[in-house]
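J.: These protein sequence lines are chains A and B, in that order.
Numbering of the first sequence is given in this note's numbering, commencing with residue 1 and proceeding in unit increments.
Numbering of the second sequence is given in this note's numbering, commencing with residue 1 and proceeding in unit increments.
Treat the hints loosely; a few may be bogus.
Heads up, the list lumps identical chains together, so a pair's fine if it works in one copy or across two of them.
[Said to hold, decoys possible] 30 Å max Cα-Cα, derived DSS-like pairs, lysine-lysine: (1) K117 x K28; (2) K27 x K39; (3) K88 x K27.
Bear in mind the hints are in silico, worked out from the structure with no lab data behind them.
Protein chains: 2
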Amino acid sequence: MTTATGHTTAIRAGKAIGTDVYDSTGKKLGEVKDIVLEKTSNNILFAVVSFGGVLGVGEKYHPVPWSELDYDPKVGGYVVSFTADRLKDAPSDSIEALTKDDGRAFRDRAFAHYGTKPYWH
Amino acid sequence: MTTATGHTTAIRAGKAIGTDVYDSTGKKLGEVKDIVLEKTSNNILFAVVSFGGVLGVGEKYHPVPWSELDYDPKVGGYVVSFTADRLKDAPSDSIEALTKDDGRAFRDRAFAHYGTKPYWH
Numbered sequence: 001m002t003t004a005t006g007h008t009t010a011i012r013a014g015k016a017i018g019t020d021v022y023d024s025t026g027k028k029l030g031e032v033k034d035i036v037l038e039k040t041s042n043n044i045l046f047a048v049v050s051f052g053g054v055l056g057v058g059e060k061y062h063p064v065p066w067s068e069l070d071y072d073p074k075v076g077g078y079v080v081s082f083t084a085d086r087l088k089d090a091p092s093d094s095i096e097a098l099t100k101d102d103g104r105a106f107r108d109r110a111f112a113h114y115g116t117k118p119y120w121h
Numbered sequence: 001m002t003t004a005t006g007h008t009t010a011i012r013a014g015k016a017i018g019t020d021v022y023d024s025t026g027k028k029l030g031e032v033k034d035i036v037l038e039k040t041s042n043n044i045l046f047a048v049v050s051f052g053g054v055l056g057v058g059e060k061y062h063p064v065p066w067s068e069l070d071y072d073p074k075v076g077g078y079v080v081s082f083t084a085d086r087l088k089d090a091p092s093d094s095i096e097a098l099t100k101d102d103g104r105a106f107r108d109r110a111f112a113h114y115g116t117k118p119y120w121h
């Protein structure tokens, strides 16, 4: 099904990975590095989005709720509803750290930071 | 978190893709070709597992419920609870067809075929 905005509802993870991410002003923020899934449930834990590489600061890996990424066919990438500023104090770490243990500590912090409604309640 | 059987609960889609799949007797069936996600919910629609390439029959792409894939660190791959025989009349098509529309028709057929409890009820 294609929604009214042209989004498709079935998305291949292998295609989402590597897709660029833009902020709400159209500025490129980074790209989807991976998508972390829960094995003990049927849920998407979070997307891992790389941001940064600006002013000598290295690339950072941020857990971002899947529902925050809206694919916009016009820009050919995902658009998030926040601006780059919102990332300054956002949760971030290496991908290994993000997926350590069950990843839920980072999930909880990310959903709280972006004000996203938890899917697990 | 690592479960009692050694499984981790947070899984990177990018690592799951390309992982071999074995049947319950230890026979290699194929590999995870992709994982299809729902964009309008937080759910994993199904894994796409390639099976076949046997006796001149081409590779087939099967939608398989995510919960049917159990990672076994001893074999270094996913183990399904069924045997290769179970695949003979299992739903299959091209990846493009599997993800056409919202993919739910294939999801419903796959869950019914493998007797998997639906996650959407």
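J.: Hint by hint, say whether it matches the structure.
T.: Status of each hint after checking the structure:
Taking CA atoms no more than 30 Å apart as the test, K117 paired with K28 passes inside one copy only; the shortest distance there is 25 Å, against 41 Å between copies. With identical chains, the CA atoms of K27 and K39 are at most 30 Å apart between copies only, with a shortest distance of 23 Å across copies and 34 Å within one. In the homo-oligomer, the alpha carbons of K88 and K27 lie at most 30 Å apart inside one protomer (15 Å), although the nearest pairing across protomers, at 49 Å, exceeds that limit.
Comparing the model with each numbered hint stated earlier shows that all of them hold.
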